[in-house]
Amino acid sequence: MTIATDQRINTLPPGDVPPTWCPGCGNFGVLAALRQAIELLGLPPHEVVVVSGIGCGSKLPDYLPTYGMLSIHGRPLPIATGIKLANPRLTVIVVDGDGDAYQIGAGHLVHTAHRNPDITHIVQNNQLFGLTGGQSSITSDVGFKSGTTPQGASHAPMVPTALTFTAGAGFVARGIANDPALLAGLIARGIQYPGYAHIDALQPCVSFGGLNSFDPYSGRTYVASDGAHDYARSRELVGEWGERVPLGVLHLDPAPRPVATGTGTPAAEGTAHHDPADPRYRALLEGFRVT
Amino acid sequence: MWSFDAPVRASMDDVQVRVAGAVGEGGPDCVLTIARGLTAAGWSVLQANDAPAQVRGGHTFQTLRARRDCGNLHAPRRGIDILVSLSEGAFEPHEAALTARSALVARALSPSARQRLEERGTMVLPLPPAARDDEPATSASTAASTVLSLLDARPVEAPPTLLLSGNEAVAYGALVAGCRFVGLYPMTPATSIAEWLAARDPALGVSVVSVEDEIAAATMSLGAAYTGARAMTVTSGAGLALMAESVGFAGMAEIPLVIVDAQRPGPSTGMPTRTEQGDLLFAIHIHHAEAPHIVLAPGDVAECFELTARAFNLAERYQCPVIVLTDGHLATLRRTVVPSALDPARVHLDRGAVGVDATAISSDGAPPRYERYGFTLDGISPRAWPGDPRGVHTASSYEHDPRGHIDESAANRSAAVDRRTDRLELARAEARGPRRYGPAAAEVTLLTWGSTTMACREAVDLAAAQGLSLNMLQFTDLWPFPKDATWDAMREVQRAVLVEQNSTGQLGALLRCEARIEVPAVHLRYDGRPITPEEILERAVPAALGTTVDGASR
Ligand SMILES: Cc1ncc(C[n+]2csc(CCOP(=O)(O)OP(=O)(O)O)c2C)c(N)n1
Ligand code: SF4
Ligand SMILES: [Mg+2]
Chain A
1 MTIATDQRIN TLPPGDVPPT WCPGCGNFGV LAALRQAIEL LGLPPHEVVV VSGIGCGSKL
61 PDYLPTYGML SIHGRPLPIA TGIKLANPRL TVIVVDGDGD AYQIGAGHLV HTAHRNPDIT
121 HIVQNNQLFG LTGGQSSITS DVGFKSGTTP QGASHAPMVP TALTFTAGAG FVARGIANDP
181 ALLAGLIARG IQYPGYAHID ALQPCVSFGG LNSFDPYSGR TYVASDGAHD YARSRELVGE
241 WGERVPLGVL HLDPAPRPVA TGTGTPAAEG TAHHDPADPR YRALLEGFRV T
Chain B
1001 MWSFDAPVRA SMDDVQVRVA GAVGEGGPDC VLTIARGLTA AGWSVLQAND APAQVRGGHT
1061 FQTLRARRDC GNLHAPRRGI DILVSLSEGA FEPHEAALTA RSALVARALS PSARQRLEER
1121 GTMVLPLPPA ARDDEPATSA STAASTVLSL LDARPVEAPP TLLLSGNEAV AYGALVAGCR
1181 FVGLYPMTPA TSIAEWLAAR DPALGVSVVS VEDEIAAATM SLGAAYTGAR AMTVTSGAGL
1241 ALMAESVGFA GMAEIPLVIV DAQRPGPSTG MPTRTEQGDL LFAIHIHHAE APHIVLAPGD
1301 VAECFELTAR AFNLAERYQC PVIVLTDGHL ATLRRTVVPS ALDPARVHLD RGAVGVDATA
1361 ISSDGAPPRY ERYGFTLDGI SPRAWPGDPR GVHTASSYEH DPRGHIDESA ANRSAAVDRR
1421 TDRLELARAE ARGPRRYGPA AAEVTLLTWG STTMACREAV DLAAAQGLSL NMLQFTDLWP
1481 FPKDATWDAM REVQRAVLVE QNSTGQLGAL LRCEARIEVP AVHLRYDGRP ITPEEILERA
1541 VPAALGTTVD GASR
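Line by line, the protein sequences are chains A and B.
Number 24 in the numbering used here belongs to position 24 of the first sequence; there are no gaps in the numbering.
Each position in the second sequence, counted from 1, maps to that position plus 1000 in the numbering used here.
Just chain A, same shape as in the assembly:
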């Protein structure tokens, strides 16, 4: 992994408040990895905005010393896009859950991957709805028993990396909360990637995860690639899910699509310097004049 460590700061201050996650929750690993990525890249905390949805994992911005937004369920992607387009100088990161990203906000996922704003999207995928009591989600395994699926989930899990790949994402990766160092590297590369970067972060839920284990993926995950592979291999890796679960950079587009931007001066700067007396606005009135 190529990460510039020259400006590296190891001094990201702690967040204001301690996490309220269950002891042993995978979200601790994601938080550690994200902190480490920010430190690795030497990003000043005031230039980072972390936007989340609603769920256990989405409480994460509360625990960081950066700008943060705990938004509404499933909507952090368009919010983050608005932030990035309005002020491109900011590093904009989304952390949300599988319920947010793959379920209620799936429409935004497809469109964001396709629109390609320069944001990094970390999905804390515990394959269930944690905060609401462990109900099954679209990524739950077949047979997963929960309050809403007492007989066990009947559908095969959706494989989100295949979806964002198909939608046009140029950077698709998978990490796991139990390996924060690997995840940190993926997040840092996602931040450096110019465009939408999707990181599916497997995140064991010790309270509701069926196996009730700290490492339910043990023996299944393997680090597949750092992205230096061809398109055909990408297609295999993004769709692989089952006996073996690939980690690493599953797809890195060698010819990335154009990054979404606004038109003209970025919106925040435009408003900050706006002067209604600017003669250009009065000149526009002439467009309504009939001669």
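Simulated from the structure, these hints should not be mistaken for laboratory data.
For glycine and all other residues, C-beta sits at the position ideal for the given N, C-alpha and C.
Be aware that one or more of the hints could be misleading.
To be verified - Non-contacting residues of chain A with respect to chain B, defined by C-beta distances greater than 12 Å in every case (computed):
id : residue
1  : Y67
2  : G107
3  : R235
4  : L284
As the list claims (entries may be wrong) - With the C-beta cut set under 8 Å, the calculated list includes, among others, these residues of chain A facing chain B:
id : residue
5  : I54
6  : T66
7  : L70
8  : A80
9  : Y231
10 : A255
11 : A272
12 : Y281
13 : V290
The hints should help you fit chain B with the ligands onto chain A, whose structure is shown.
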């Protein structure tokens, strides 16, 4: 005794032109050419549109009222002086309005139609058929020249007015107010606001971003607003319904966001290209639970400019969403406006409380830290935008403490709710009371809001010309409702009638709930067609006679 007779227009100085045809036959272009020609000739004009929701075929017509003396005009009146029939038979639905002084510009007429028109005494001017059937534009432009020469309209040196639509005025108001971001999912009749902005010089920098749905339109705009940009989204009722959760979030996280709802008849798909004022109570009660927001409704094209610009100031001053309600009639209506009414110099930016130092004193004795949601005297804490090293904080949809962190403690919750709600009283104190048009005291007062203001003003003018005693109160600031100002204005009211483009009298409900004023007489129209001045005088006013307004004299 109330007795109104629609006046007979005696001259060709105040004329009404109607262009009828099928959709796709060039009617809008024809009427626009006439409107532009008359504007260039120094006339005042007002053009209203009636169109079905289809792209070809059907029946559509545009009505243009114009005054040579550039005098007051607020709405179309009854009657047609010149009718243009772009396709065979297109004039028939309007035939009854033709008189011995009218002219019909039409293509080939059937012998029976010709005879009927002769009996009426209507002058018939032939319209040469289009060279080819698939080129309707030719006959539309010929028709326009025929009308302009009939009216003897010649360009003057410096036409005194500008010609624009309600949607264009909203867009221009937003631009002048510093709006730089518009998230959009197209919905008639709001879309052309965003299209106008998108077509401006990118150097002016309005990013119009077409997105996946109205939820994204609202949330993306909200994200932009969080960075300090002035941001807006525009939609119609069903789109506003999808934005409801985001409005609550903007209220909770205190993010300024302007939403324009160009209402149309609903619910659901309703009648997309027609008009209604059915979203008033929805816009007011859009929140789940309780949060501050503001609702404004312009009543004419110049007010579209002024109130949209004002919406951005209110959104930032009170750090909450502002909904601007227009409707299909006002959005698409085009009229002449004096340039001073749209003067950018009338727009002053008030960005509200911004900056870190003012309240950067923590409540717990620890070193001072910026409190985005601090408990200030008036409940409004200065905003800081990402990028500001001293302003780091969390914005949250959860109940939160002054730093923005989740805080479910009972004491914090109550205080935070009060802090967010208190500002509504500040907004109410500066809200504009109902605006009177017509004499200070009158036998009957029309009560209205939004686009029906125009027909009411025209009715007041018509009544005045006949020596009838009528005035009106127009409500522009609908939420928070200006109670005191309403009581002041209503004190002089003897008899009143609500004039609204909906079926339940939503302004009446608001007056009842907010001001405890009961207005028994109502004139409601909900067939998708704009209320006319004549129906106000013939039906609304008589409904008020013999009734009394209850509670207005408090
Ligand atoms: C509009 C809306 N619908 C439903 C909910 C309730 N809700 C809160 S979190 C959640 C699902 C959480 O699942 P996920 O996104 O996977 O996050 P996790 O808790 O597993 O980290 C739901 C359904 C909500 N907050 N808002
Ligand atoms: S319920 Fe699961 S996901 Fe939520 S905090 Fe507990 S362990 Fe973590
Ligand atoms: Mg989950």
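Hint by hint, which ones does this structure get wrong, listed from lowest number up? 1, 2, 4, 9, 10
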